[in-house]
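Student: With chain E's structure known, arrange chain V on it following the hints.
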Amino acid sequence: MWDTKNVLTGSADNSCRLWDCETGKQLALVETNSAVRTCGFDFSGNIIMFSTDKQMGYQCILNYFDLRDPQQIEDNQPYLSLPCNESKITSAVWGPLGEFVIAGHENGEINQYSAKSGEILKVAKEHTKQINDIQSSVDLTMVISASKDCTAKLFDSTNLEHIKTFKTERPVNSAAISPIMDHVVMGGGQEAMEVTTTSTRIGKFEARFFHAAYEEEFGRVKGHFGPINCVAFHPDGKSYSSGGEDGYVRIHYFDPQYFDFELEA
Amino acid sequence: MRETENMEAELEYDDGEEPSFSDPEDFVDDISDEELLGDVLRDKPLEADGIDSVIVVDNVPQVGQDRLEKLKNVIHKIFSKFGKITNEFYPDTDGKTKGYIFLEYSAPSHAHEAVKNADGYKLDKQHTFRVNLFTDFDKYMSICDEWEAPEKQPFKDFGNLRHWLEDSDCRDQYSVIYDSGERTGIFANDVKEPIEVEERARWTETYVRWSPKGTYLATFHQRGIALWGGEKFKQIQRFSHQGVQLIDFSPCERYVVTFSPLMDTKDDPQAIIIWDVLTGHKKRGFHCESSAHWPIFKWSPDGKFFARMTQDTLSIYETPSMGLLDKKSLKINGIKDFSWSPGDNIIAFWVPEDKDIPARVTLMQLPSRNEIRVRNLFNVVDCKLHWQKNGDYLCVKVDRTPKGTQGVVTNFEIFRMREKQVPVDVVEMKEGIIAFAWEPNGSKFAVLHGESPRISVSFYHVKNNGKIDLIKMFDKQQANSIFWSPQGQFLVLAGLRSMNGALAFVDTSDCTMMNIAEHYMASDVEWDPTGRYVVTSVSWWSHKVDNAFWLWTFQGRLLQKNNKERFCQLLWRPRPPSLLTQEQIKLIKKDLKKYSKIFEQKDRLSQSKASKELVDKRRTMMEEYRKYRERAINMYNEQRPLRLELRGGVDTDELDSNVDDWEEETIEFFINEEIIPIGDL
Chain E
1 MWDTKNVLTG
11 SADNSCRLWD
21 CETGKQLALV
31 ETNSAVRTCG
41 FDFSGNIIMF
51 STDKQMGYQC
61 ILNYFDLRDP
71 QQIEDNQPYL
81 SLPCNESKIT
91 SAVWGPLGEF
101 VIAGHENGEI
111 NQYSAKSGEI
121 LKVAKEHTKQ
131 INDIQSSVDL
141 TMVISASKDC
151 TAKLFDSTNL
161 EHIKTFKTER
171 PVNSAAISPI
181 MDHVVMGGGQ
191 EAMEVTTTST
201 RIGKFEARFF
211 HAAYEEEFGR
221 VKGHFGPINC
231 VAFHPDGKSY
241 SSGGEDGYVR
251 IHYFDPQYFD
261 FELEA
Chain V
1 MRETENMEAE
11 LEYDDGEEPS
21 FSDPEDFVDD
31 ISDEELLGDV
41 LRDKPLEADG
51 IDSVIVVDNV
61 PQVGQDRLEK
71 LKNVIHKIFS
81 KFGKITNEFY
91 PDTDGKTKGY
101 IFLEYSAPSH
111 AHEAVKNADG
121 YKLDKQHTFR
131 VNLFTDFDKY
141 MSICDEWEAP
151 EKQPFKDFGN
161 LRHWLEDSDC
171 RDQYSVIYDS
181 GERTGIFAND
191 VKEPIEVEER
201 ARWTETYVRW
211 SPKGTYLATF
221 HQRGIALWGG
231 EKFKQIQRFS
241 HQGVQLIDFS
251 PCERYVVTFS
261 PLMDTKDDPQ
271 AIIIWDVLTG
281 HKKRGFHCES
291 SAHWPIFKWS
301 PDGKFFARMT
311 QDTLSIYETP
321 SMGLLDKKSL
331 KINGIKDFSW
341 SPGDNIIAFW
351 VPEDKDIPAR
361 VTLMQLPSRN
371 EIRVRNLFNV
381 VDCKLHWQKN
391 GDYLCVKVDR
401 TPKGTQGVVT
411 NFEIFRMREK
421 QVPVDVVEMK
431 EGIIAFAWEP
441 NGSKFAVLHG
451 ESPRISVSFY
461 HVKNNGKIDL
471 IKMFDKQQAN
481 SIFWSPQGQF
491 LVLAGLRSMN
501 GALAFVDTSD
511 CTMMNIAEHY
521 MASDVEWDPT
531 GRYVVTSVSW
541 WSHKVDNAFW
551 LWTFQGRLLQ
561 KNNKERFCQL
571 LWRPRPPSLL
581 TQEQIKLIKK
591 DLKKYSKIFE
601 QKDRLSQSKA
611 SKELVDKRRT
621 MMEEYRKYRE
631 RAINMYNEQR
641 PLRLELRGGV
651 DTDELDSNVD
661 DWEEETIEFF
671 INEEIIPIGD
681 L
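Those sequence lines, one after another, are chains E and V. Letter by letter, the first sequence follows residues 1 to 265 of full-length UniProt numbering. Letter by letter, the second sequence follows residues 1 to 681 of full-length UniProt numbering.
The shape of chain E in the complex, shown without the other chains:
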C-alpha cells in the first residue's frame, strides 16, 4: 500500500491475506479455490486485486475487492470477478490511476481489464510465449514485460502501445525500469530442469542492462549461479537487487561511471 501501512500477500495455500506492516497482525483473509498467483493495491490503496491459477478444475479468476466495504472481504464476495478462460494470468500490475489492471498471460498476451466494468479495454499480442513478469515504471506511465520468448518489451500503460523490445538468448524471468536513467535491467536463465545442461561454472547467470531507447545491451553483472527470478531497481535508482534460483538475493550499488555512461549518438 502506498503509505506502507498494510501489506497484501497471495499464496499457493489458496488464500490472500492483508497484514498490518508495523505489527505484523493479519487484518483480513480471503480464501480461494486455487493458488493466488499475483496481487496488488491500486493507486489509492482502496481497491485490491488478485488472480488465482487454473488448477484442479478451477478457472483462472481475476478478483477485485473494495476495502472501503468490509462486507466484501467478510463474505468473500468480490465486487468484480472476471474469469479468464483461455490462458491463465501469470503476472499483473495496476494501471496509473486505478482504472484498470494490466495482466500478462501464459500465452504471451497482455490485457487491460477495467476495474469498474471488467471488460477488456486494450490487448497487446506482442510476445510469443508466456509472460513471466510485468513491472511498472516509477511514474506508472510505462510497463515492462519479461517473457519466456527471450525478450522483454516496453509498453505504454494507458494504451498498451508497444514501444521497445530487448532481445536475449535466454528466457527472461524478470525485468525492471530504472527510475532515473533510460535503462532497463533484465534477469533470466533456463528452466530448472535444464539447468544441469548449461554452464556449471560459478556466476554464469547474469543480470543484463539495456539502453531503453537504443534497445542495445551495454552491460552485464555476473554473480548468480542459478537463473535469476526477480530484479528490481531501488526507488532512488542508485542501486538494484536480484533474487535467484540459487537462493541468494544480491544488492548492487552502481559506480559513478554508471551514471555518466553514454552510447555514442
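Because the hints were derived from the structure by calculation, they are not lab data. Check each hint, because a few of them may be wrong.
[Stated by the list, open to error] Quick partial rundown of chain V residues pointing at chain E, CB under 8 Å, derived from the structure:
no. : residue
1   : F134
2   : F459
3   : C511
4   : N563
5   : R566
6   : V615
7   : M621
8   : K627
9   : N634
10  : P641
11  : L642
12  : L644
13  : L646
14  : T652
[Unchecked claim] Straight-line Cα separation of at most 27 Å, DSSO-like style, residue types lysine-lysine; simulated pairs:
no. : chain 1 : residue 1 : chain 2 : residue 2
15  : V       : K561      : V       : K586
16  : V       : K590      : V       : K609
17  : E       : K167      : V       : K192
18  : E       : K167      : V       : K561
19  : V       : K331      : V       : K397
20  : V       : K590      : V       : K544
21  : V       : K609      : E       : K167
22  : E       : K129      : V       : K544
23  : E       : K125      : V       : K564
24  : V       : K627      : E       : K125
25  : V       : K232      : V       : K213
26  : V       : K476      : V       : K384
27  : V       : K403      : V       : K336
28  : V       : K544      : E       : K167
29  : V       : K331      : V       : K283
30  : E       : K167      : V       : K617
31  : V       : K627      : E       : K122
32  : E       : K167      : E       : K122
33  : E       : K222      : V       : K561
34  : V       : K283      : V       : K327
35  : V       : K397      : V       : K420
36  : V       : K116      : V       : K389
37  : V       : K70       : V       : K122
38  : V       : K72       : V       : K84
39  : V       : K586      : E       : K167
40  : E       : K238      : V       : K336
Yeah, the Cβ is synthetic: ideal placement off N, Cα and C, and Gly gets one too.
Tutor: What follows is chain V alone, placed relative to chain E:
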C-alpha cells in the same frame, strides 16, 4: 461320283490279281499339305535357322594353308569357352584366309555370350577381334536411310553456376540449417554481419552437402536427392532414390553416389547408385552390405577411377564406362583399408600379419597396377592411413605391440611420395595418439597425444634432407581435435563437446599461440575455404541451448556471435581451384602491398559508414523515444489532480515530496556493556 463309278468299274476284277489302289491318272487331290501334315511341317528346318547361332569374327590373322591348322586350334580354344562350336567356316582367297571367319554354336545364347565376351579380345598386338552376331549385319544394313533428328529438349538455363565467386567483396558463402532443420539459409560472409542470400523453409529433410567445387548444393528428401545452384539456387537436377541416407560426389563433380538401405533386391542392385550429374541418368547400381564406412566408393583425384573394398578384394572401376578396370577385381587377401592419394592415381592399402608374412603397406599405381612401394611392418595391431592434401606425403599410423611387451606403442611411418623410390622415415610416439593432421599445402603435421587431463600437442616438420624435426610441443592442452587452415600455416586446437569448447589459435611458422579463447560447448569448427575465417558453433543436434555460430579471424579475434534459434549445421561453400597460374599468383604476391592499400581504404570507408549508420540510427531512436516520453509526462502532469484526490491530498509524486510530513526522531539503543576495573583505591 466319278470316283465311285471308277471304283465300281474296278471292282470287276479277275481273281488272282490284287486290286489296284492307285488313284486314277487324272486325280488331283484337294487336301493341302498343311491339313495333313501341319505338325510335321512346323518342324521343317528353315533356311534361315541356325543363323541366330552364328557369329562373325573379324581381324583374324590372315594365314596361309600351312598355318591354318594352328590358327583353327587357337580360335577353337578361345571360342569354345562360350559354348559348343558346331560349325566353322574360314573363307580364303589366293591361298590365304580372308581375315574373317564364321562360327556356329549349338544355341543362340552361346553366340550372344561370345559376342559379349570376345568382342575386343586382343589376340596380339596387331589383331583385336571384333565379334558380331551374323543377324546383326542384317539389322544394321536394313536401317532406314532416312534419319530422324531426335526431338530438341528445351535448354534449361540455370544461369551462371559460378555466380557466387564474382562477389565484388570476395565474400564466401555458407549454408546454415536452423529451427531444428525446418529452415535452411545461404549467407554471404561479411565481417559486419552475415548477409542473407537465400532462405527457404523445408529446403531439406535432414541435412545438406556442398559439391567438392562448390557448384551444387545437395538436399535430402525421402524420395531422393535434389541439386541446386546458380545465382537463385534453382533446382538443377533430381535423383530418385527412395530412402536415401548418404551421398558422395566425385571430385570432378561429374558423378554423384547415393546410398539407401531400402532399395536393394537380389537381381537389381539398388543400394548404391552412381548418377551422371549433367544428364541425371543412373549409370550403375551396386549392392551394399553396410554403410558403416561411408563413402564406400573412393574416387581417384581426377575422377577417372573409383574403388571399393570387400572381403579380400579390391574392385577398381573406371569412368565413364563404370566397368571394372581390366574387367576384374584385385584379390588382396586380408585387405583391411585403402585410400587414394589426393594428388595422384595411387592407392595405398594395408594387410595385417598372416602366419609368417608380416603386415605390410603397399602403394599401387593405377591403372598400371604397379606396386611402387611395399613396406613391411612387424607386430602390428592396427594401421591408419593419413594423406597430406597434395599427395606429397603419406603418414601411416601404426599401432604395434612389440615382442615381449603387453602395451601398444604407436609409430608414424612417413612416406615421402615425391622422392625417388619413396623413402620412409619413422617417428616414434611415446604416448597414445588422440588426433593427427597434416598441414594442407605444406610439410608439417600436428599431433595431439597423451590422456586427459595431460594432453600435449606436438608440431613436426618433414624436411627435405631426410629428417623429421619436432619443432615445438605445448603441454596441458584442452583439445581433442586439430583444424588446419586450408591454406596451411595456421591451425585451431579445439576441445569439442565434452571439453567444453576450449580453443587455441596457433601460428605454426614460429609455433606461437596467437590466442586462447572459448566457445562454451562448441561442437564444430569450420574454416572458410580461403583460410581467413573460422566458425565455431554449438549445434542443436548435440546441445539444446545456446545454439549459435561464432565468427573468428584466423588469428583468433572474435568478430561475430550469431544466435540462431535451434541452429544445427553450418557448412562453408567450397571454392573451385584457382584459375590463376603459378606465375600470376607470384606476381600478385609481389604486388600485395599495393593491393592491401586499396583494400584498407575500402575497409575504412565501410567501417566509418557503418559507425555513421549506427550513430544515425541511434539518434533517430532517441528522438522518437524522447517524443514519446514527453507525451507520457505531459499526460502524467495533467493527471496530477486525480492522483492527489486518490491519495487524499497527499503528494507522493516525488520521493521527497512530503518533507514537511517527516518527523525526526532520535532513538538511543543499548549496544554494549564493558566493565573496567579500576584498581583498589
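Student: Now tell me if each hint is right for this structure.
Tutor: Going down the list of hints, with the structure as the test:
1. F134: violated (77 Å)
2. F459: violated (31 Å)
3. C511: This hint is violated: C511 (chain V) lies away from chain E, its Cβ roughly 30 Å from the closest one there, beyond 8 Å.
4. N563: Since the shortest Cβ distance to chain E is 5 Å, the answer is holds.
5. R566: Nearest chain E Cβ about 12 Å off; hint violated.
6. V615: holds (6 Å)
7. M621: Because about 5 Å separates M621 (chain V) from the closest Cβ in chain E, which is inside the 8 Å limit, the hint holds.
8. K627: violated (11 Å)
9. N634: Constraint on N634 (chain V) not satisfied, violated at 10 Å.
10. P641: This hint is violated: P641 (chain V) lies away from chain E, its Cβ roughly 11 Å from the closest one there, beyond 8 Å.
11. L642: With Cβ-Cβ at 6 Å, under 8 Å, it holds.
12. L644: Status violated, d = 11 Å.
13. L646: holds (4 Å)
14. T652: holds (6 Å)
15. V:K561 - V:K586: Since the Cα atoms of K561 (chain V) and K586 (chain V) sit roughly 36 Å apart, the hinted pair is violated (cutoff 27 Å).
16. V:K590 - V:K609: violated (31 Å)
17. E:K167 - V:K192: Judged against 27 Å, a Cα distance of about 19 Å means the pair holds.
18. E:K167 - V:K561: holds (14 Å)
19. V:K331 - V:K397: holds (24 Å)
20. V:K590 - V:K544: Distance of about 49 Å is beyond 27 Å: violated.
21. V:K609 - E:K167: holds (25 Å)
22. E:K129 - V:K544: holds (18 Å)
23. E:K125 - V:K564: Between K125 (chain E) and K564 (chain V) the Cα gap is close to 23 Å, so the pair holds against 27 Å.
24. V:K627 - E:K125: holds (24 Å)
25. V:K232 - V:K213: Holds: K232 (chain V) and K213 (chain V) sit about 18 Å apart, inside 27 Å.
26. V:K476 - V:K384: Holds, at roughly 26 Å.
27. V:K403 - V:K336: Roughly 22 Å between the alpha carbons, so the hint for K403 (chain V) and K336 (chain V) holds.
28. V:K544 - E:K167: holds (19 Å)
29. V:K331 - V:K283: holds (25 Å)
30. E:K167 - V:K617: holds (17 Å)
31. V:K627 - E:K122: OK: K627 (chain V) and K122 (chain E) at ~22 Å, within 27 Å.
32. E:K167 - E:K122: holds (24 Å)
33. E:K222 - V:K561: Roughly 19 Å between the alpha carbons, so the hint for K222 (chain E) and K561 (chain V) holds.
34. V:K283 - V:K327: Holds, because 17 Å separates the two Cα atoms, which is no more than 27 Å.
35. V:K397 - V:K420: holds (22 Å)
36. V:K116 - V:K389: violated (41 Å)
37. V:K70 - V:K122: Holds, because 17 Å separates the two Cα atoms, which is no more than 27 Å.
38. V:K72 - V:K84: Within the cut-off at roughly 15 Å; holds.
39. V:K586 - E:K167: violated (49 Å)
40. E:K238 - V:K336: Roughly 72 Å between the alpha carbons, so the hint for K238 (chain E) and K336 (chain V) is violated.
The structure shown violates the earlier hints numbered 1, 2, 3, 5, 8, 9, 10, 12, 15, 16, 20, 36, 39 and 40.
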